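For reference, the chains in residue letters:
2 protein chains.
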Amino acid sequence: MLSAALGDGTANRRCTFELFARKLPDGRRYGVVAGTGRFLEALPEFRFDDDACESLAEFLDRDTLAYLRDFRFSGDVDGYAEGELYFPGSPVLSVHGSFAECVLLETMALSIFNHDTAVASAAARMVSAADGRPLLDMGSRRTHEQAAVAAARSAYIAGFAASSNLEAHHRYGVPSEGTSAHAFTLLHTSADGPNEPAAFAAQVDALGPGTTLLVDTYDVTTGVDNAVAAGGTGLGAVRIDSGDLGVLARETRAQLDRLGAMQTRIVVSGDLDEFAVAGLRAEPVDSYGVGTSLVTGSGAPTANMVYKLVEVDGIPVEKRSVHKESHGGRKEALRLSRPTGTITEEIVHPAGRPPPHGEPSRVLTVPLVRNGEPVAATDLGVARELVASGLRSLPWEGLMLSHGDPAIPTTQIPVPRPPSDTQE
Amino acid sequence: MLSAALGDGTANRRCTFELFARKLPDGRRYGVVAGTGRFLEALPEFRFDDDACESLAEFLDRDTLAYLRDFRFSGDVDGYAEGELYFPGSPVLSVHGSFAECVLLETMALSIFNHDTAVASAAARMVSAADGRPLLDMGSRRTHEQAAVAAARSAYIAGFAASSNLEAHHRYGVPSEGTSAHAFTLLHTSADGPNEPAAFAAQVDALGPGTTLLVDTYDVTTGVDNAVAAGGTGLGAVRIDSGDLGVLARETRAQLDRLGAMQTRIVVSGDLDEFAVAGLRAEPVDSYGVGTSLVTGSGAPTANMVYKLVEVDGIPVEKRSVHKESHGGRKEALRLSRPTGTITEEIVHPAGRPPPHGEPSRVLTVPLVRNGEPVAATDLGVARELVASGLRSLPWEGLMLSHGDPAIPTTQIPVPRPPSDTQE
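Chain order of the listed sequences is E and L.
All residue numbers for the first sequence refer to the numbering used here, where the first residue is 1 and numbers rise by one.
All residue numbers for the second sequence refer to the numbering used here, where the first residue is 1 and numbers rise by one.
FYI, nobody ran anything at the bench for these hints, they're computed from the structure.
The structure presented is a predicted model; accordingly, all values stated were derived computationally and were not measured.
Beta carbons: idealized from backbone N, C-alpha and C, even for Gly.
Partial selection, computed: residues in chain E whose CB lies under 7 Å from chain L:
#, residue
1, S3
2, G7
3, L110
4, S140
5, R142
6, Q146
7, H170
8, A202
9, T302
Between the sequences and the hints, there should be enough to build the whole structure, so can you do that?
The following block contains the structure:
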């Protein structure tokens, strides 16, 4: 495309591409935008070095290679702040520049947003299902090694308390937390058989009694006895990773209390998703470790966002195929709410022309990049607070876990076509 | 775990960890091992540099940090060759060394195998559904930007013809192929309206008549007329990305033939998975572009492999919780077949003690790493041929796309416990 557009001179046309989702995944009622910060960090580094150009030389003509060698995105980007809720048609990113520079960003932008948003959208449902109890990301082993780092970041934005991924701490400052695995207990086996007390003693020696001991390697009841014997009544927590977690949590709570370990917390893990988390709400569970379902978006591993050309030299454009209508023209959005703060409607309107309305509203489209330079902050704490306030703003049915319609409707105000545009 | 094991001296116990899947994902009948080559490439680079150690210093004691600073895996790894089929319980990797060095590899190994195997396992089903017609990976935009590169590699191993991911070509030599997007056609819009002929002419000028023109931006019939007008009857291909692909393919084939473009191929794309690919088998489709369902494992985005300690100082160990039995002891595997080559049974047996049997068999466990150095080739072509021969070896019901049991049973021959082991 780049080669052909450079060839016929259209590469320099001023374009707007829009990144959005036609629908929410899998009957969800809202989505959570994530990836904005990673996109802003990746943008200045999105260049083609000698090595890349050499590899591309077998496909591309000299002019295209020369363009790539000097490439640096110099356009503008507007869009939703990271952590903002989104709905079908929300213009999550709006990218402005020459066709050439905008089209080159497509795969990078979509990859980042489709992955990070899928994880954050699933994670937010788990956070609301946990109803204030902390959630720990333990999913790194279930996804690509680099995706795991981004997933930990997205989970934290959505409200997870911490991640076992140390690289996410290193790279993004995500709080780190972890527990031991069954392997550590099994390691303490000799010719005389298993020795769970030795494993627990070693862990408490190394990490202090505030540590979390995994008690289900052999027998949970014996494991809890051994755990309190090793860590004392001030033991931090025990983790249960298998079996009927509700029943085991109740029995373990009673046992810990009998042993005097009233403050020892109970962590559960093992194929949890938002439904399982919700199902344990009435049980004496203090925190949840979530793995597979978090990093795979709990049934929706991609947000299915698309990146579509919507405007060329000021003219709205759109594809006209069945079921894939795009809405041409450069757009912005705002969200209406009741005076109580409960949101009622998303309005997507032509850029610069917000419609008159009487309700309280909030502008969703903010400047992210100007002349190729990021201008928005990429603070995870700010994004995290935006998710939390977004969840508080949803109508009550928006927090339901069952399949349903988007929590609020999106109204698309069409961009008027220029009078000289004679297309039907 | 590392800190505690260094503290009590168990870190140096000789251990075997096994990487395997308890079950195949989502009613699948076979899985395809992928990631072995990436694991072997990553292993020598799995070190902790100053930057990493500095970041870890806030969590770890001095001895543990010192261990990590000098860390280099020096053990052995056996396992299945990349591209080998696997079934529940197949010992895909068997990692031997000190507890410390083996446990450190867990997350890296699982991340690579869980991701790459999930993609290859889904891709192989698409390949068999396509019945010889080429498949193109177009899924990069639907997954994390680095996962996309690994997904292209996995898809190629499983039998895909090419990928639109240029980095996968650069890094792994995966053949590159791509088509244009709707944006390129929409770009050719002026105040006089859309101009599909101009877009097609520009593409043919840049890439020659052998190119693939996307014909469904406005109207498919007009698009096909415009495509042949631009590329001539020697036009390479047209792509249809929306609508009822079967009906449109038939109509387009008839139209192309009427126009004299008998050799022009038809590429279809748009939310295809193995079921849609199979459903188009009777239609005049020449190749398929597959995106989302490929890179997300078509409903099974992770292979759910686990990494379990199975042996400590020669003693088999295993967790004893309901539904999560592991089978202790270091193991190897072989696969039995009929004289025709159709496989009949997977036998997982104690290492070094293959059971006597009368059928033709193939040893599945091969040396991958010795003293920390990779000793197995990582050639994608070899892995690709192994998948192809594996698919040919399946009993016919193994290739069915419907949910079902594994195509062959796995027999686990228990590792005898040492006589001094008194556990029940």
